[in-house]
Amino acid sequence: MAPPTRDLCTVGWIAPMSLELAPGRAMLEDCQRVSAGGKYYDVGRLSGHWVVMIVCSRIGNSSATMAVADMRHWFPNIKHILVVGIAGGQPCYGTGGKEQIVLGDVVVGVPRGSEGGVAHYECGAWEAADLFSASGHTLHPSDDLLTAVNTLQGDYIRSGSEIPRFLVELRAKLELDEQAEYNDQGADNDFLFPDTYRHSNRDMDCEGLCDFTAAKKRADRGIKAQRKENSPRIHYGNIASGNALIISSEKRNAFYEKYQVLCFEMESAGVMHHNQALVIRGICDYADSHKNKRWQKYAAATAAAYAKEVLLLVPPAETSNRGEPAQIVARCHFLVPFGRNQEFVGRTEILSQLQERIWPGKNKDDCQRTAVEGLGGVGKTQIALEAVYRVHKEHPDCSIFWVPAVDVNTFENAYRDIGRQMKIAGIDEDKADVKQLVKTALSDDSSGSWLLVVDNADDITLLFGVTRLSDYLPFSRNGSILFTTRNHEAAVKLVVHNSGIVPVLEMDRSEAFDLLRKGLNESQISDTKSTKRLLDFLAYLPLAIRQASAYMAKKQISTSEYLELLATTWLISFNHISKHDPLAAEYLKFMSLLAEKDIPKSLLPTARKIEALEAIGTLKAYAFITQREGQDSFDMHRLVRLAMQNWLKNEGLKSCVSSAIQQLDQAFPFPEHENRDMWMKYLPHARAALEFREHLEGGKVDASLLYNVAQSYSLLGQYQKAEQMYRQTLQLHEKVLGKSHPDTLSSMNNLAEVLSDLGKYKEAKQMHWQTLQLKEKVLGKEHPSTLNSMNNLAGVLLNLGKSKEAEQMQRQEWKLTEKVLGKEHPSTLISMNNVALVLSDLGKYEEAEQMHRQEWKLTEKVLGKEHPSTLISMDNLALVLKKLGKYKVAEQMHRQTLQLYEKVLGKEHPSTLNSMNNLAEVLSDLGKYKEAKQMHWQTLQLKEKVLGKEHPDTLSSMNNLANMLSKLGRYKEAEQMHRQTLLLIEKVLGKDHPSTRTSQRNLDDCLRVKR
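So the sequence shown is numbered by this note's numbering: it starts at 1 and just counts up by one.
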């Protein structure tokens, strides 16, 4: 059937979580999913009404406020609102606490005392004895809904409830594996613990942790706690709502004593501050520390069944056909706060590229996103402005809006101006969610075509941190968004695809000359040599050129005079600093060889604290550097950096570069996960300083720094950069130390390892073989370093499919290591582990299991139960058990290993995340798809946070999650994730990498099953 128009819907149903939406949706007749404003709504008939349902984006009152505002915006004839979900209950209430609430019962929010049915417990003040004084009064339910509730109370006394029948009908519409979860969980599984008995570990359920003999069952709570199966009791009174989860029986009881609230939840106040609504909550726990999820789905079902029964007693509301929301006016708007720059010159190629991309009709299947990215001063804003005026001329039917993203206030003010232009209802109300209203309006097709420019989108924290301005960017297939940013990370996150990033570099000489001559006469620029020198000094930056041109026009001076003035001013300042604060001058020289942004104070050469403070103060006073707010790091203006570098070319650049690289080498730690924060800050500066190596003859110091930089890129999964740096390290070692030096051989080994990471197995094999031959010659066949090369060569043979050769070499290396270092030496145990891994790869699983067990016990004996090497052994044993089909034993061992990893290394260590991934895989083998999917999702989120979105390990987790979605039958989501994974793997590892081919096969399999 055709989808109903939005005007038919008269009942709005808010579900805080998806598990609370599921039973309501199952009861709808003619249920269809409707898209509006970039969100999906479920629409269908229930109890004679057209009902629209939405699930909140996240728990909490603010999310509920947003959900109901959006719903009322797109479904203008809503007369009745229901908030239906689960809550934590007050177990006993009334005189002497005789009335009993049990799990699965329903609480209905109706006016009691001064409250309208919902008490907002976060509006008020804390009083003595940790007691809160609430003052957040909300609206009460509508008269029609209250009348239905009162009528139903009388009907229950006379003829009983229809809820048991509705629950049977509801479960019949669910999948077989879900029906039991939405059934009554039984009186024997309803435990009420004493207030003094606390749940000791929030990460574990009560089962196996709490003493159930200390808890009361329903039989212990009197006759009013007894229920027939699937026959919940309905309770009426006030409901407490706030953003803080109540998990304390003491606090729960204190709230009840003062406000007589019957249950606690986190969304209704957000709805009822501005809307009359009926809140219906199924009780899933007792708002104490003993929370569990067993009763949640049944409680959600009982609440939904009661809501259906209420609607049977609400007369269908009349609707007026108002069409689409009246507040959206489909006409062209032009809201750009700058006039056209009549002196704009050049940038022809970039403008052509932008004109082709940014007009909204370019991509009819998506909301086009484009980012103009470049350093400060290169003219990004002026380019965007010129592009906007060209689009306005060529597409007069396209609305154009301009929003600065400097901070939250400027962003919101610009959005408010857009709302006023579009005449969006409620945009000027005191508590209006301006950003959400504008996003919703622009996301609707009736807004017509539009182009939104987000200028200065530089701050990652502002865009994706707590404020998450990126969440308020609209989506419409009639829309297009253009960003200007100096931050590449922001560009990647905002645009998603690199094809949408348009880099802006400095102007070429012709463009720069044309810009400089604007407003000047020919005599001022007739000295061609001086003009070129000036443009060189200004680094061909449009902003600097415009400022120079304006000054020259005002003072009527020539380029040679202006250049002399600059040089004199700069030299006077620098000479003054050198004379009166030599340390400041040294700092300036040093900093000019680093990256110009975010220079850590800890990188600066050591000095007495008072002298260092004075030197930094001097540089800040001359505006040569600026300190980042709240940080011990500095930015250097690009022109200052270039001027200093130019000065150094004639004043000892070689010695300065040498000192800088030596300082960086001393400061840069050997890169490991544990010191990641430090070397990540130092990395761009080390890379910048190494660009000046051409001025040195090369030596041990810069080879050491090159090595650390290469190792950093390897840890980040940026193997191509790591390869480049390792090659430079090897060349330098060969030149300075010779081909047979141990450091040279170490460099060869590292380069071979990263080649293997890149899938270049043949080249890696050749280099490992060469390294091994040289080590045997220089160090001897039994040297530990030689044995390490044997191990690495065996690994690459395994990757090449030469498993028998790999096994032979691995066994040889193990025996030699055992001979040299002893049977129980950690290196011997690692060799033993590697042999077992090869056996597993050859399909010799029983032999591999036996060897893994032996190696695990020895490692545990030598290093201890909680040593990371012991945990690796446990994980590897669990993996081979999985291959043997011993899934339950493997699951148990993976869980044990994961707990130990979290204890020893922390929840976010890469080894812990790999252990999580292994557990998720065995859960999938056991058919526990939902749990496996949840764990894969959690692993992916943590890897993105810890390793970055483009690290190969992160991409592996994306691939695993996509496979899991396929197993769950969610083929559309799986396909989307497989495509995204494939694009990123191709970008990071290249088209020919084995992981890329695996990703392509997974996508093909998904498409095959989907068809």
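Accuracy of the hints is not assured; some may be wrong.
Stated by the list, open to error - Under the rule of at most 27 Å between Cα atoms (straight-line distance), these lysine-lysine pairs were calculated in the DSS-like manner:
no., residue 1, residue 2
1, LYS597, LYS949
2, LYS819, LYS777
3, LYS681, LYS529
4, LYS815, LYS886
5, LYS930, LYS883
6, LYS819, LYS760
7, LYS930, LYS907
8, LYS802, LYS883
9, LYS228, LYS251
10, LYS681, LYS987
11, LYS888, LYS857
12, LYS620, LYS609
13, LYS681, LYS620
14, LYS883, LYS173
15, LYS654, LYS681
16, LYS579, LYS609
17, LYS987, LYS493
18, LYS777, LYS804
19, LYS228, LYS258
20, LYS861, LYS888
21, LYS804, LYS886
22, LYS228, LYS291
23, LYS597, LYS721
24, LYS532, LYS654
25, LYS681, LYS493
26, LYS861, LYS844
27, LYS216, LYS291
28, LYS907, LYS949
29, LYS804, LYS883
30, LYS857, LYS815
31, LYS945, LYS597
32, LYS293, LYS601
33, LYS928, LYS293
34, LYS98, LYS291
35, LYS721, LYS928
36, LYS802, LYS861
37, LYS532, LYS601
38, LYS173, LYS98
If you are wondering where the hints come from, they were derived from the structure by calculation, not from laboratory data.
Comparing the hints with the structure gives:
no. : hint             : verdict
1   : LYS597 to LYS949 : holds (23 Å)
2   : LYS819 to LYS777 : holds (19 Å)
3   : LYS681 to LYS529 : violated (40 Å)
4   : LYS815 to LYS886 : violated (30 Å)
5   : LYS930 to LYS883 : holds (22 Å)
6   : LYS819 to LYS760 : violated (33 Å)
7   : LYS930 to LYS907 : holds (21 Å)
8   : LYS802 to LYS883 : holds (21 Å)
9   : LYS228 to LYS251 : violated (31 Å)
10  : LYS681 to LYS987 : holds (24 Å)
11  : LYS888 to LYS857 : holds (21 Å)
12  : LYS620 to LYS609 : holds (17 Å)
13  : LYS681 to LYS620 : holds (21 Å)
14  : LYS883 to LYS173 : violated (38 Å)
15  : LYS654 to LYS681 : holds (25 Å)
16  : LYS579 to LYS609 : holds (20 Å)
17  : LYS987 to LYS493 : holds (15 Å)
18  : LYS777 to LYS804 : holds (26 Å)
19  : LYS228 to LYS258 : violated (32 Å)
20  : LYS861 to LYS888 : holds (26 Å)
21  : LYS804 to LYS886 : holds (26 Å)
22  : LYS228 to LYS291 : holds (24 Å)
23  : LYS597 to LYS721 : holds (21 Å)
24  : LYS532 to LYS654 : holds (26 Å)
25  : LYS681 to LYS493 : holds (20 Å)
26  : LYS861 to LYS844 : holds (26 Å)
27  : LYS216 to LYS291 : holds (15 Å)
28  : LYS907 to LYS949 : holds (18 Å)
29  : LYS804 to LYS883 : holds (20 Å)
30  : LYS857 to LYS815 : holds (19 Å)
31  : LYS945 to LYS597 : holds (22 Å)
32  : LYS293 to LYS601 : violated (49 Å)
33  : LYS928 to LYS293 : holds (17 Å)
34  : LYS98 to LYS291  : holds (23 Å)
35  : LYS721 to LYS928 : violated (40 Å)
36  : LYS802 to LYS861 : violated (34 Å)
37  : LYS532 to LYS601 : violated (36 Å)
38  : LYS173 to LYS98  : violated (37 Å)
When each numbered hint is compared with the structure, violations occur for hints 3, 4, 6, 9, 14, 19, 32, 35, 36, 37 and 38.
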